[in-house]
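The listed protein sequences derive, respectively, from chains Z and F.
This note's numbering numbers the first residue of the first sequence as 1 and each following residue consecutively.
This note's numbering numbers the first residue of the second sequence as 1001 and each following residue consecutively.
For the record, the hints were derived by calculation from the structure and aren't laboratory data.
Virtual Cβ for every residue (Gly too), placed ideally from N, Cα, C.
There's no promise every hint is true.
Simulated restraints, written as ranges between beta carbons of each label pair [as the list claims (entries may be wrong)]:
id : chain 1 : residue 1 : chain 2 : residue 2 : range
1  : F       : L1192     : Z       : V31       : 34 to 40 Å
2  : Z       : A51       : F       : N1225     : 28 to 34 Å
3  : F       : A1244     : Z       : T121      : 34 to 40 Å
4  : F       : E1060     : Z       : T121      : 27 to 33 Å
5  : Z       : V105      : F       : L1188     : 45 to 51 Å
6  : Z       : M156      : F       : P1197     : 32 to 38 Å
7  : F       : R1120     : Z       : V31       : 21 to 27 Å
8  : F       : A1166     : Z       : V31       : 30 to 36 Å
9  : Z       : D294      : F       : P1038     : 35 to 41 Å
10 : F       : W1055     : Z       : I297      : 34 to 40 Å
11 : Z       : F19       : F       : S1094     : 28 to 34 Å
12 : F       : A1166     : Z       : F19       : 22 to 28 Å
13 : F       : G1186     : Z       : Q224      : 40 to 46 Å
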Amino acid sequence: MRLLRTFLMRLATTAVTLFGVAVIVFVVIRVVPGNPIAMMLPPGATEADVARLSALYGLDKSIPQQFLIWAGGVLQGDFGTSITTRQPVLALVLGRLPATLELSVMALVMAVIIGGFAALTGTRLRGTRTEGAIDVANGMALSVPDFLWGLVLILMFGVLVPIFHISGRVTPSLDLPFVTNFYLFESLIRLRLDLWADIVAHMFMPALALAIPLSAIIGQLLKQSLKETMHLDYVTLSRTKGYGENHVILREALPNAILPTLTLVGVQFTFLIGGTVIIERLFSYEGLGNMAIDAVINRDLPLIQGIVILFAAIFTAVNLLVDLAYAALNPRLRHA
Amino acid sequence: MLDGRGSVKRRAGARLWLSAGWLAVLVLAALLAPWITPKDPLAQDLFLGRLPPFWETGAEPGYYLGTDSLGRDVLSRILYGARLALIVALVAGSITCLLGAGLGLLAGFLRGWVDVLISRFIDIWMAFPPVLFSILLIAVIGPGLGSIILAIVIIDWTRFARVVRAEAMAQGAMDYVASARVAGRGRLGIMLREILPNVLPTIVVLLTLEMGIAVIVEAILSFVNLSISTDDPTWGGMIAEGRAAVYQAWWVLVFPLITLFLTVLSFSQLGEGLKDRFDPVLR
């Protein structure tokens, strides 16, 4: 019961947040100087042409009126029409979403693997030089944001030792038999390992750039929790029973130490998704973020709105899921 | 245990001094830029385009770190770029800090509807992807130094507000605040004289971290070509050009990148180092 009520409360605040985001974006982009309609018409267009097209996109009405029309459309699943491509915003955005989702999830997996490995190694070898080296590497990874790691990776694996692609999502000359835009997933399902390898070679660096700061956060927090858990009596007990150090860390300490890290990963995942915007730009990766920057540069108002709302919806949804997962996983909250 | 703690402290001290040292060098370079730059950072010479750095064959004397595609001296542009980066770090960082910490203090200490209002705004802000938000803002207000600073303030105030609000709330529940209240101190007096001094170390740490973030935001915006006018040397603008021509002239990317990397690392390590200093457990 309590869980349900918490859920409903959170759902209500989420709705308020999304509404706030929509209003702010709507107002902010309409203060943009430079008429987007004038930009899309050929140079010889008359005032009347501009006025007619403005009316077509509803840009001749007042901002509150425009908002009501737009919000009414959104509730029916209509996000308007992109000004530059003249295609429905929803179709454009959903077409790019899989690319960004695949990139984010791959980055998350990388971060969990690297961070988890660093924390476990650091715990196993505590007190040695290796632990010190891991701490220093963690500190570096944490201090420098994804954008700079992306550039460092481009220089290392794109120029110095060119083993990965530095731009795009897939080699353009390849023939793609895909029906969805989940290239990575679909190539695996279809067992087209040649295509899969090409896609991974494109995704590897942007995903790693996004993963590095998060892996440091995971590594630091998990190691801290492990350290605290290792001093507890039940761990000492299992050690006196004669279990080896690896068993003690992996089977006894880890399951109890992992909960705070899980919560943090959820929250940090939204930051990672936000980071895709500039990382996709840096690697010319054809995802939502790259499309968003183009939309801003082209003053494509309906498209900007659609993308920002979608990002905000993803952020709030992830946060909601994390809270629920935490409530469900944490026995103290479940029975409260 | 004890010697371990000592080595942690020594390491923290070393990184504090190293980062402060790099930042001091940067400030000096920015102040002295007109006197120490070997070339005019804006001077173009197409006959001297894409010269390699001095140790490579084909280098020209005087162009120590090579030139970009328009023949502009990379070293001179980095030194002038330091001016812009530091101005953004100081001004944007300080204004963000004042606004964010102020709102956080009000929300955390006054509670009630003020807290509800400010917290709701923080929630909405947290739902925006920050990079996209900043690009959007710059597109709206137009490029320029003032716009960049304004965009950073608008986006990042929540970093301060969230933490300071939580701290102020925790401090407000403590006995010394209650005794100040009993002693007849006014609310404003308690907030500024009792709570603020106790939250100040946290604010200083956040400010240092924010300066590093501001430098990055400026670089990202000039990378997307939305920063200052395209002529003025900025690290981000140089990086954007270097990224485009990375196979032809790696030095146009590498040197500004190293500078930016060290600067961001220094601000962050300085912040972390100060945190350790202030942290009673480590001390």
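Hints breached by this structure: 4 and 6
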